[in-house]
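*Asks:* What follows is the residue order along each chain.
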Amino acid sequence: MLAHRLAMESDWIRADMIEATEFPQLANKYEVFGVPLTVINEMIRVEGAVPEPMLVNELLKVLDGQT
Amino acid sequence: MPLLSNKIQADVRKALEGMTAPVKLIVFTQAAQALECEMCGETRALVEEVAALAPAGKLTVEVKDFVADTAAVEVYKVDKIPAIAIVGAKDYGIRFYGIPAGYEFSSLMDDIVTVSKGESGLAPASQAAVARISQPVHIQVFSTPT
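Protein sequences appear in the order of chains A and B. For the first sequence, the positions run 1 to 67 when the working numbering is used. For the second sequence, the positions run 1001 to 1146 when the working numbering is used.
The hints are simulated quantities; they were obtained by calculation from the structure and are not laboratory data. Some clues are possibly wrong.
[To be verified] Simulated pairs of lysine to aspartate or glutamate, EDC-like, Cα-Cα distance not exceeding 16 Å:
hint	chain 1	residue 1	chain 2	residue 2
1	B	K1058	B	E1048
2	B	K1077	A	D11
3	B	K1090	A	D11
4	B	K1024	B	D1091
5	B	K1080	B	E1038
6	B	K1058	B	E1017
One chain only, chain B, in its complex shape (with noise of 0.2 Å):
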C-alpha cells in the first residue's frame, strides 16, 4: 500500500515539476530487512515513492547501508538512520534525519527544487551576510512531524 495518498501524489506531482536540473536523494538504511531500524524502511519507501512521480529522470534516489557502506557514511558524513542527503550539482550538506513526515514533508519537496534550481532563493542582505562566514558552522534544526 502506498504511504501518500492520491491527493498527496498529485500535490508532489505538481510541487516537483519546478524542479530543473537532476537531483540525487541519499538515503541511508540497513539493508538487511531484518534489522532495518524502526523507521528506515517506511524512510526508504517514503523517498522511492516521491522521486517516482518527478519529471522523468529528475529525481534518483540511492539506498547505502550505513553499516556496509562505510565510505559513502564517510563521505556524507551521515552519524544516525535513517537519513536523507539531498545531493545536486554538488553536496551542499542538506540533510534529513528520521522520516520526514508530516510538517517536514512539505520542507523535503521544497528543497528537491531549490536544490535542482542550485540557488538558495536568501534575500540579497542574507547572501551578503552568509558570505562574511569562513568557519565550520553545523546547524541542526529539530522538528516533530505535527
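Next comes chain A alone, as it looks inside the complex (with noise of 0.2 Å):
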C-alpha cells in the first residue's frame, strides 16, 4: 500500500490502513464518505486512491507549515 511505502522510506512517517466500518466513530470525526480516504497529520485530506506523485505532493505540504 502506498501509504505504507511512504512510512517505510521515512522514519518520521507512520502510516494506519484503518476499515472505516469498524471505527464508525473515527470515520465520523474525519467525515468519511467515499474511500479511500487519506488523511495526513489531521489537516491534508486526499480522497480517492491517487497516484503516487500527488500523494507525495500533498505529503510536502506539511513542510509549509500547513500541517
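Starting from the two chains in their separate frames, assemble the complex, guided by the hints.
*Replies:* Structural data, given as C-alpha cells:
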C-alpha cells in the first residue's frame, strides 16, 4: 500500500490503514463519505486512490507549515 | 473452518514466495475470548492462516493483549483493536486497524513482501521528496472491505 511504502521510506512517517466500518467514531470524526480517504497530520485530506507523485506532493505540504 | 478458500490459499502462498527476510505480524486483540472484540478473533485467525502459508520461518505471528500487554501497546503505539503491526528489520510504523479483508487483503500481502525485502519500491523522485521530511507525519487511510 502506498502510504505504507511512504512509512517504510522515512522514520518520520507512520501510516495506518483503517477499516472505516469497524471504527465508525473515526469515520465520523474525519467525515469519511467515500473511500479511500487519506488524512495526513489531521489536516490534509486526499480523496480517492491517487497516483504516487500526487500523494507525495500532498505529503510535502507538511513542510510548508500547513499542518 | 478456514477463512481462506483453497484458491486464495494458493494465491497467498505464491505471493509470499517473494519474501526474503523474516517478518513479524504483531496482532493486538483481547486475550479473554469472551471479551474479544467483534473482529479481533477473525483478524487473529486470518493472520495465523496467512503466516502458515509463508515459506518456513519467514512469517511469524505474535499475539498481544491490548489490555494486559501495556508495554507492547506503548512500544507499537496502538490505540485501538484489532490492530496489526508489520515489522521487518525494524518497525517502520506500518499498521492495519480492523480486519484486512477484501481489497485490503491484497494490501496486506503486498506490505508483507515489501517489508520483507526492506525496500519501499517508491520512485527515486518520491524517495528524494520524502527525504526532505524531518517532522512527524501521521497518515491515516480509511478503507472498506469492498
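*Asks:* Would you mind marking each hint as holding or not holding in the structure?
*Replies:* Going down the list of hints, with the structure as the test:
no., hint, in the structure
1, K1058(B) to E1048(B), "holds, 13 Å"
2, K1077(B) to D11(A), "holds, 14 Å"
3, K1090(B) to D11(A), "holds, 10 Å"
4, K1024(B) to D1091(B), "holds, 10 Å"
5, K1080(B) to E1038(B), "holds, 12 Å"
6, K1058(B) to E1017(B), "holds, 10 Å"
In summary, this structure violates none of the numbered hints.
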